[in-house]
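Visitor: What follows is the residue order along each chain.
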Amino acid sequence: MYKIVYKEKLASGIWMMKVMAPLVARKAMPGQFIILRVDEEGERIPLTIADFDRQEGWITIIFQEVGLTTRLLAALNEGDSILDFAGPLGRPSELDGLKRVLCIGGGVGVAPLYPQVKHLWDNNCSVDVIIGARNKDYLLLEKEMKAVCNNLYITTDDGSCGRKGFVSDVLKELLEQGNQYDMVIAIGPLIMMKVVSQITKQYDVPTIVSMNPVMIDGTGMCGGCRVTVGGEVRYACVDGPDFDGHLVDFDEAMRRQQMYREEENHICRIMGMEGV
Amino acid sequence: MALILKKVSMKEQDPQARRSNFREVALGYSLEEAMEEARRCLNCKRPLCVEGCPVNVNIPQFIQAITRGDIQQAYSIICQTNNLPAICGRVCPQETQCEQKCVLGKRGEPVAIGRLERFAADYCIERGIEENVEIQPNGRKVAVIGAGPAGLTAAADLTKLGYEVTIFEAFHEPGGVLIYGIPEFRLPKSLVKKEIGGLKKLGVNIRTNVIVGKTITIDELIDAGFEAVFIGSGAGLPKFMGIPGENLCGVYSANEYLTRINLMKAFDFPNSHTPVKHGQRVAVVGGGNVAMDAARCALRLGAGEVYIVYRRSEAEMPARVEEIHHAKEEGIIFELLTNPVEIIGEDGWVKGLKCIRMELGQPDQSGRRRPVPVKGSEFVMDIDIVIMAIGTSPNPLIASTTPELAVESWGGIIVDEETGATSKDGVYAGGDAVTGAATVILAMGAGKKAARAIHEKLSGQ
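Which chain is which? The protein sequence lines are U and F, in order. If you count the first sequence from 1, position 119 lands on 119 in our numbering, and the numbers rise without skipping. If you count the second sequence from 1, position 65 lands on 65 in our numbering, and the numbers rise without skipping.
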């Protein structure tokens, strides 16, 4: 059992939890993820590691209530325990040697972006950050991000915070203005990562995206998380989750993301929750 | 006494009834049936059956105990060399092992050794009869990676020898392929849990949710005071064919399909929260036991038609005869000498499976006649779920984080066949991680061998 030592509501339906998992924390690196199971009947779901403390032995996860499992997870409180919590899984992000990076986070994707921004900043990299959300209530980690980057740009779909529009609008402007980046790192909804990758391709800026497909074991065993990258099939769990955004087949990934939507709606309905 | 040339038959669930439930197909012997079957054994002076058993169960002895009605004694004899008899009695390919060597098999059917083993184990487990083993702890620690058949066996044997054994398991539940792979109707999970429970009582420690190679490395285990490490991490990496359409929604590896259904209990969705797609027309590609398991699961989930698509003929199928027989009884349709060339999709979902007919040519390296495509014979099957059951290979997670561990190009860990010793001092391996996908009992045999070798090394014998 893995005890929840801290819980905080970050935005409407978005939660942060610190979970005691000393073995996982000891090895965790930015870009990696964990797999958890809430209870005996629970699904195994992957969540990206949002922060960790090796000394104290905790891992931070940030998640949005979207399906049954995330809602059951959100119903747990400080002092409660998560039944299973395994990791760290996936390859750590390759951040060494970068001098100037633009990091882009959308929605709850801002959470897994944070440890990467922090790592880059701590290693004397110049970092610009764009974060976006539906509206100001859904905006995550504004304060935290501000502390670890040179320039922070905020967008909301309705203009309730920062500028009205999408993260990709700011990206386009920054590139048009002639800003040079060694790399763009984008984490967020598939459609956001797709648009970001299309723009950066025009400007020939290397781009890394973080894929978060459906998976079971997270160790290469089920193959459910396969993504097509540059025409080749890769497993997000062991070959990723980071991939070259210019090579990922996003349309396929978006279709695969929908595979269990019907079942998810069904189980949410019978549990008395709204559908996805 | 005249020889009785046929086995006492074992009751099975009716094929029509069982194709819509996940309960066990084979129902086992009654005491009377078991005693009757046991009396067929000739109790040979030189029992060839024992040689045919990878863990050398003393077969004639335990069968003689059954003839006397002393089932506890029979169980006790089996347990001397086999830590998981209720499991082996069900899933061992006895027809190519102990029973193949049985002298009676020359004239008629061999003694039903597997069924008798299963009977003795079930009888004692049901009645809570336990083996009392005296263990003298020696205070020395051994780590085992993977709680599947190889790891469980190595751990049990080492624990009996006095070692303090900890198994590290990546999944949330121990059992390996016994839990995630083999379906309930062939191997009830409650039974696997009971046999593993027995090992825990013996003193085996099991730590779940630890992925060796990620959470912790082998070197760290050694630094933590484990004097030897046994790797029994299996062959869990699924293979795909590399044909167009394999990433469509509705295409599964058999591993994923079976793991969802068995480990995650997707057959009980929504009571269990993990879903699995229920197709109406399901194609399973492959001819092994895993393919049969996947096909029979699809049927039980309510598919109207389930096909086995296999590129060779039935004679070359690697699946056990019994499994093929059961699958056919239940109504699985065999499309033999047929090979998929493309999965056809519509709006991202599987819509059909394009196949080509094959014919058998000259024998290949495996000795089986090689299938060759028949030009122009392509046709499309109307299918909505495709399950790829064409094999698995060892997981590279451990090898990639243990530099001194020598592995074959295909991923198998290289070991000394007699001891299971790897290229790294104090590290042993066995089971599918070494051989590639094989059987439960071969993995158990390898676990046994390695346990013996570890004991010899650590005790200086």
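Hint data in this document are derived by calculation from the structure and do not stem from the laboratory. All C-beta atoms in this analysis are idealised placements derived from N, C-alpha and C, irrespective of residue type, glycine included. Check the hints yourself; a few may be wrong.
Computed beta-carbon distance windows for the label pairs [what the hints assert, rightly or not]:
| # | chain 1 | residue 1 | chain 2 | residue 2 | range |
| --- | --- | --- | --- | --- | --- |
| 1 | U | 13 | F | 190 | 35 to 45 Å |
| 2 | F | 344 | U | 13 | 32 to 42 Å |
| 3 | F | 425 | U | 29 | 28 to 38 Å |
| 4 | F | 190 | U | 8 | 36 to 46 Å |
| 5 | F | 244 | U | 257 | 18 to 28 Å |
| 6 | F | 344 | U | 180 | 52 to 62 Å |
Visitor: Could you run down the list of hints and mark each one as holding or not?
Guide: So, going through the hints one by one against the coordinates:
no.: 1; hint: U:13 <-> F:190: 35 to 45 Å; verdict: holds (39 Å)
no.: 2; hint: F:344 <-> U:13: 32 to 42 Å; verdict: holds (39 Å)
no.: 3; hint: F:425 <-> U:29: 28 to 38 Å; verdict: holds (29 Å)
no.: 4; hint: F:190 <-> U:8: 36 to 46 Å; verdict: holds (41 Å)
no.: 5; hint: F:244 <-> U:257: 18 to 28 Å; verdict: holds (21 Å)
no.: 6; hint: F:344 <-> U:180: 52 to 62 Å; verdict: violated (46 Å)
Hint violations for this structure: number 6 only, all remaining hints satisfied.
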